[in-house]
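The listed protein sequences derive, respectively, from chains A and B. Numbering follows this note's numbering, with no gaps: position 175 of the first sequence is 175. Numbering follows this note's numbering, with no gaps: position 42 of the second sequence is 42.
No lab work stands behind these hints: they were computed from the structure. Treat each hint with caution, since some may be false.
Some chain A residues close to chain B (C-beta under 8 angstroms, calculated; not the full set) [to be verified]:
{"id": "1", "residue": "THR34"}
{"id": "2", "residue": "ALA42"}
{"id": "3", "residue": "ARG46"}
{"id": "4", "residue": "VAL56"}
{"id": "5", "residue": "ALA181"}
According to the in silico footprint, chain B covers these stretches of chain A (three or more CB under 8 angstroms from chain B) [to be verified]:
{"id": "6", "region": "59 to 68"}
{"id": "7", "region": "125 to 134"}
{"id": "8", "region": "139 to 150"}
Calculated Cβ distances over 12 angstroms to all of chain A for the following chain B residues [as the list claims (entries may be wrong)]:
{"id": "9", "residue": "ARG39"}
{"id": "10", "residue": "MET60"}
{"id": "11", "residue": "SER172"}
We put the CB at the ideal spot given by N, CA and C, even for glycine.
Here is how the chains run, residue by residue.
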Amino acid sequence: MLPEVLDRASDSMIEMGDAELLERMLAGDETAFTALYRARHAAVYRFALQMTGSVVIAEDVTQEVFIALIEHGRRFDPARGTLASFLYGIARNMVRRRMEKDREVEAIGEFAAEDDVLGDLTRQETIGQVRRAVLSLPGMYREAVVLCDLQDLSYDEAAVALDCPVGTVRSRLNRGRAMLARKLRCGAIAGGVL
Amino acid sequence: MRGDRRGCVVKAEQDIIAALRALAGADSAVEASPELEARVRQAFRARQARRKWNRAATWMLAAAAVLIAVLLIRQPHPRPAVVARDPAPAAVADESTTIPVHIAAPVKQRHARSRPPREIVTEFFPLIDAPPPMDRGEVFRVSVTAAAMRTVGLPVAEDRLSDRVQADVLVSEEGLATAIRFVKQE
């Protein structure tokens, strides 16, 4: 009975802003925490999944991000950026730590497209090839591509999450896209451009 | 020629953005398992319980600290041993019930709160035949039975003989206990 009441209350709270939900959560309101989790967890999960390609790691990272929010939510400063950027920043650190720990996740190695995948984006396997190409990017370029192109963050938000200037985000994104273009053109990959 | 190349670059960038959009679209419905929500909610509850306990423990500690402070303020502080530099030898000539006493001079303290209790001490009673030089030696604060007071001729009721009393023993430079005085703290 109680979980259902909590669920309904959490759903009704999703309309509230992040700042208000966070304030209530820090005051001990579980329904506010649940609402915040429901509103933000999918993006954090997708970011971790797109960064690592591992469902297990993505779940672990998402859990750790929200536990970090419970423990250190007071460190969030709205003057520095949005709560989403704050959560991405935590997730990024968790992903990095996890990848340093599990080197094999990083060792996806060179990706070579089988066909010219850019010419055919409808097939499921093609999307799989794009995913693998993203995963094969070096970490700093992958972060920029995942945040800006896959998570649709603005340059400013990505800069807060990555803790770097906006110009750095732009240059990493351009470089990441260029790498992807070469990886996904089979001729270029065969020629060993990257 | 250059225009063609630039056109190719733009086309490649548009293609890659389209490819990434396709990937983002394919992932748009992906989310963590429902079990994860249950786990983080559980973690939240555990954290709240810990916080409540910490808050209660802090209050209890604060209350205990206040109580201890109050007790310490009310309780008389033991006074450190006074080094005897009494030049006057003890006079036990008159073994009457009047005990020669003098009040130890109050020592200046920095804070009124930490002022030690006042002490009333008897004169020094010699423990050896020859009167000892009272201006030399060291004084040690000891706890003895009240029966020791009788040995120097002070009156003690029978039922109080085993009570503990404090005394200052004067020890000569040779290491001999040469005199004793008894201390009462107010």
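Hints, verified against the model:
no. : hint       : in the structure
1   : THR34      : 6 angstroms, holds
2   : ALA42      : 4 angstroms, holds
3   : ARG46      : 5 angstroms, holds
4   : VAL56      : 11 angstroms, violated
5   : ALA181     : 4 angstroms, holds
6   : 59 to 68   : holds (count 5)
7   : 125 to 134 : holds (count 5)
8   : 139 to 150 : holds (count 3)
9   : ARG39      : 6 angstroms, violated
10  : MET60      : 20 angstroms, holds
11  : SER172     : 68 angstroms, holds
Checked against the numbered hints listed earlier, the structure breaks hints 4, 9; every other hint is satisfied.
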